[in-house]
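Participant: Residue numbers (this note's numbering), protein chains in the order written: chain A, 1 to 341; chain B, 1001 to 1335; chain C, 2001 to 2327.
Any given hint could be a false lead.
Stretch-level coverage of chain C by chain B, calculated; a stretch enters the list once three of its residues show a Cβ under 8 Å from a Cβ in chain B [said to hold, decoys possible]:
#, region
1, 2194-2200
2, 2258-2268
3, 2273-2284
Cβ-Cβ distance ranges computed for the label pairs, FRET-style [what the hints assert, rightly or not]:
#, chain 1, residue 1, chain 2, residue 2, range
4, B, 1323, A, 250, 37 to 45 Å
5, C, 2309, B, 1323, 54 to 62 Å
6, C, 2152, A, 166, 56 to 64 Å
7, B, 1182, A, 9, 41 to 49 Å
8, A, 250, C, 2119, 45 to 53 Å
9, C, 2144, A, 166, 53 to 61 Å
10, B, 1265, C, 2119, 52 to 60 Å
11, C, 2314, B, 1171, 52 to 60 Å
12, C, 2083, B, 1043, 54 to 62 Å
13, C, 2073, A, 9, 44 to 52 Å
Just a sample of chain B residues kept apart from chain C, beta carbon distances all over 10 Å, derived [what the hints assert, rightly or not]:
#, residue
14, 1048
15, 1058
16, 1084
17, 1242
18, 1316
Derived by calculation from the structure, the hints in this document are not laboratory data.
As the structure is a computational prediction, the values presented were derived from the model and not from experiment.
Glycine included, C-beta positions come from ideal geometry on N, C-alpha and C.
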Amino acid sequence: MVRFLIRRIIGGAIVVLVVTLAVFVLFGPVLRMQSDISPARLYAGKNPTPEQIQRVSELLGLDKPYYEQYLITMRRLVVGPSDEEKARLCPGSTPDECDAIVGRFGSSFAEQVSVDRLIWDAFPVTLSLTVLSAIIWLLISIPLGIFSAMRPRSLLDRSSTVFVLIGQSLPVYYLGLLALYFLAYEFEVFPPSGYVPISDPIGWLYHLILPATVLALQFAAIYVRITRSQMLDQMGEDYVRTARAKGASEKRTVVRHAFRNAMLPIVTMFGLDLGLLLGGAILIEVTFGLQGIGWLTVQAAKRLDVPTTAGIVLFSAIIIVIANIIVDLVNAALDPRIRLE
Amino acid sequence: MAPLLSVSGLHTTFRTDDGPVGAVDGVSLSVDAGKVLGVVGESGCGKSATSLSIMGLLPRTATVEGSIRLGDRELVGMPDDQLRALRGAEMAMIFQDPMTSLDPVIRVGAQLEEAVRIHRDVPKQEAREMAMKGLASVGIPSPEERLRSYPFEMSGGMRQRVMIAMALINRPRLLIADEPTTALDVTTQAQILDLIRDLRTEVDAAVLLITHDLGVVAEMCDEVAVMYAGRIVERASVDDLFARPQHPYTWGLLTSLPGRHRAGERLHQIPGTPPSLLNPPPGCRFAPRCDFVMDSCRADPAPALSTHDGTAVACHLDAATRAREGARAARDDAP
Amino acid sequence: MSELLIRARDVRIGFPVTRGIVFQREVARVQAVDGVDLDLHEGETLAIVGESGCGKTTLARGLVRLQPVDSGTIEYRGRDITGLRGRDLSAFRREVTMIFQDPIAALDPRMRIGQSVQEPLDIHDIGTPKERRARVQNALERVGLSAEHYNRFPHEFSGGQRQRIGIARALVMNPKVIVCDEPVSALDVSVQAQILNLLDDLQRDLGLAYVLIAHDLDVVRYLSDRVQVMYLGRTVEAGTDDQVYDAPRHPYTAALLAARPVADPARARTRDRIVLQGDVPSPIDPPAGCRFHPRCPMAQAGCAVTDPALEQDPAGHGVACLHPLAP
């Protein structure tokens, strides 16, 4: 088990390393090839003179060879910005002020703030939205999927098929706009936008419930379908027949035997979806004005804020790698064939 | 004494998109305690559907008519919860494929304990004790350690032993074994057949053995029912069946066994394939493949099972022909 | 004596056991076939018998080059085929074909039967389209199907008919040798007899040689001229049918023969039964000495140490055992 974990962590670290390399190449050397949007030019502000660009290049270290730039970037990412960098990038500030401006992921071009700070401000919003949404979609889809599988072609099964179709074919922003229009403007049941930190749980829930539900509906549709098909597969397995032959009740057969096995691929999918969403649910965050990672991504892209965009890509990659490792661990805990391999 | 299991006029029909399929069409049989009844036939003959009808394990698309009596209880039409209380307690079943018949993510011990605790309110410790004794009784070495194993850590033969231990853990009065050794290697098959034979005398259960293998029938059974296309065509004691087979289908089965032939000698073959049960032929269902077919065979009503000298056979052929051809098939079969 | 078609010597075929996700490394090798000899003459049937894990299917796949051979030689008509490539390999594959256990899995469900049977001709680019079609129809008729089946799909056929199609596909190349991997084990008894008779007829009419892979000893005896019994990657006994069946010398062969159920209740009750204990050990870590010794009812002290070689008596009956049964 420990070896299994170590192997997974090493594998994940390699993936992250590859991503850093890709991000560096894409946002550094590749960008530079198109001189009008080179990082230095972007940083230097509107209509810079060549001398200004030159100064910025030196300031950001863009005049150094690529490998050196990459090593500096990696060093900063792993151990944090060095004193020398701090001194260079925020001359005359106190250490605290400088921490807010220079971070592991670099500094934003658009604001006098570090990318770390931007991400850490946005992340709780995305995390809240994702977790609440995930709870809602699991609560809807798992029971619905199980019951549809137990009674195929029943009224419930047919209704759930309709639900799946609607959920999968309605774009989330359209559903979001409908919900906003009816529930926030026409009837004013929910607030139209904004985020309240979880320190005020009721306000938090009140502000998040609408976007989380809209997001959840789309995922619920997918999860109903996969739960149903997994359960149908498992219910046809020989060991389920064995459980029945032992005299196990239908509930016991379904919950203790069939669902436990059906869960394995669902857990895998769930972990990956969570990882993906934590990297930003762009459409829903923009629709509901939630300033999460997705919203930040859009902002950074609009303002050609290269370090922020690169930081988010890297951050999302790390989240997805972590999600993958957790999925593997949960699967190993659930499935002895993986654990004892 | 009334037989322990007595099935009469069993009809099992599956609803399909193409129409109803009569998988079992009027089957009657009975087994006494301590005896083994073999049900033999080829795939699709309804032998498995018969056993699943008895256990009440058919899918919802199936309807069962007729009578199935276990002791003095009628199982057809019995409410689900009562039937469930019998399954695994009074009657138990082992299946063909031990590789897939155990839950892959639950320890063997827990699966055995579950079989106990579904039917009896005993403390966990006692259930564990019974599980361990169960494993020991089917010849599994170091049973206490094995309780902690997962099925995938065991060989096919071991898993089938676990299945047998699980089926017998509540001392059922009826054991149904559906092709219990078909998926196993020859030497493992011999071990499992020995085990079933030993345990049968020990627990004194009635055994219904479903198989396609006449060798297994000869080794294991007291009585045999031969099924073809949903019906029993011949029912006899095992000695009579092999010495004086009465039905042309039985003759075909015996003479097509390669084991009784020398190289160079042609195997007897039954031409064609079994009929579709969606739209079975009228009259005797074996008529289209039968070497001895007569006009009356192709018309309804189909020949009914009638008993002579202890053997029941459903065939229009006259007794003299049956005796002559039966003797030939049996001789063919003798080494 | 008829021509020696296949001569295999000391064939070894293994599979790697790997560990690791990113950096896979081989931690062990399963020796599925571990030093097997084999001779096949023109027009004869050689049966390879054994239980699952004995390596018989791997050996069959090695013989037709579906599986690379680690070491040893396989000569077809005097020429080593283990290193053949390109045109030579293609020529070899025309002469040595294979039929499989599961005819359903071996046929493409979306291909018409005629196309499936014709595919080998297309691959090897044999004849004009018209000639190909004629050969396909000829092959279909040979296996007892008619030309009208040409345009049907596999799902329209029963198991026995599908196996006939598989045989037609192997026949269409006019091979010299067909390697049959459990050709009837998925079929019912009555249909099994049809296929066995068909294989027998084809051999007689076309002078084919068969390598027959099977676990059912009765099927084997019906078709075969010689038998080779395998256990854990080794040949433990080899000889003619009569030698092996009537006077087995290896305790494993004797146990296999005794274990098979006899379709005769009177004999079933009286005969001697040897029931082996335990299961076949893992080929990853085979027992030292004779591989059968942990399960052998007659094992003696030396059996755990010395690995016996296959030794032939003057009549050509070979056995790999330190203490063989009296002939």
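Participant: Evaluate each hint against the coordinates.
Facilitator: Taking the hints in turn, this is what the structure says about them:
Closer than 8 Å: that is the beta-carbon criterion, and the region 2194-2200 of chain C has 4 residues meeting it against chain B, so the requirement of 3 holds. For a cut-off of 8 Å, the count of residues in the region 2258-2268 of chain C with a CB near a CB of chain B stands at 11, and the three-residue condition holds. Figure legend: the region 2273-2284 of chain C, annotated as covered by chain B; annotation consistent (6 residues with Cβ-Cβ distances under 8 Å, at least 3 required). A hinted range of 37 to 45 Å for the beta carbons of residue 1323/B and residue 250/A is inconsistent with their spacing of about 52 Å.
Between residue 2309/C and residue 1323/B the CB atoms are about 56 Å apart, so this pair conforms to the stated range of 54 to 62 Å. A beta carbon spacing of about 42 Å between residue 2152/C and residue 166/A contradicts the range 56 to 64 Å that was offered as a hint. Checked against the hint of 41 to 49 Å, the pair residue 1182/B and residue 9/A passes, with Cβ atoms roughly 45 Å apart. The hinted range of 45 to 53 Å is satisfied by residue 250/A and residue 2119/C, whose Cβ atoms lie roughly 48 Å apart.
Between residue 2144/C and residue 166/A the C-beta distance comes to about 54 Å, which sits within the given range of 53 to 61 Å. Checked against the given bound of 52 to 60 Å, the beta carbons of residue 1265/B and residue 2119/C, roughly 36 Å apart, lie outside it. Checking the proposed 52 to 60 Å range against residue 2314/C and residue 1171/B shows it holds: the Cβ atoms sit about 58 Å from each other. Between residue 2083/C and residue 1043/B the CB atoms are about 44 Å apart, so this pair departs from the stated range of 54 to 62 Å.
Under the hint 44 to 52 Å, the C-beta atoms of residue 2073/C and residue 9/A, about 47 Å apart, fit the expected range. Remark: the non-interface label on residue 1048/B is consistent with the geometry, its nearest Cβ contact in chain C lying 14 Å away (cut-off 10 Å). With a minimum CB-CB distance of about 23 Å to chain C, residue 1058/B clears the 10 Å threshold, and the non-interface call stands. Even its closest Cβ contact with chain C, about 34 Å, leaves residue 1084/B beyond 10 Å, as expected for a residue assigned away from the interface.
A beta-carbon of chain C comes within 10 Å of the beta-carbon of residue 1242/B; the shortest separation is about 5 Å. Its beta-carbon lying about 21 Å from the closest one in chain C, residue 1316/B satisfies the requirement of being farther than 10 Å from that chain.
Checked against the numbered hints given earlier, the structure breaks hints 4, 6, 10, 12 and 17 and satisfies all the rest.
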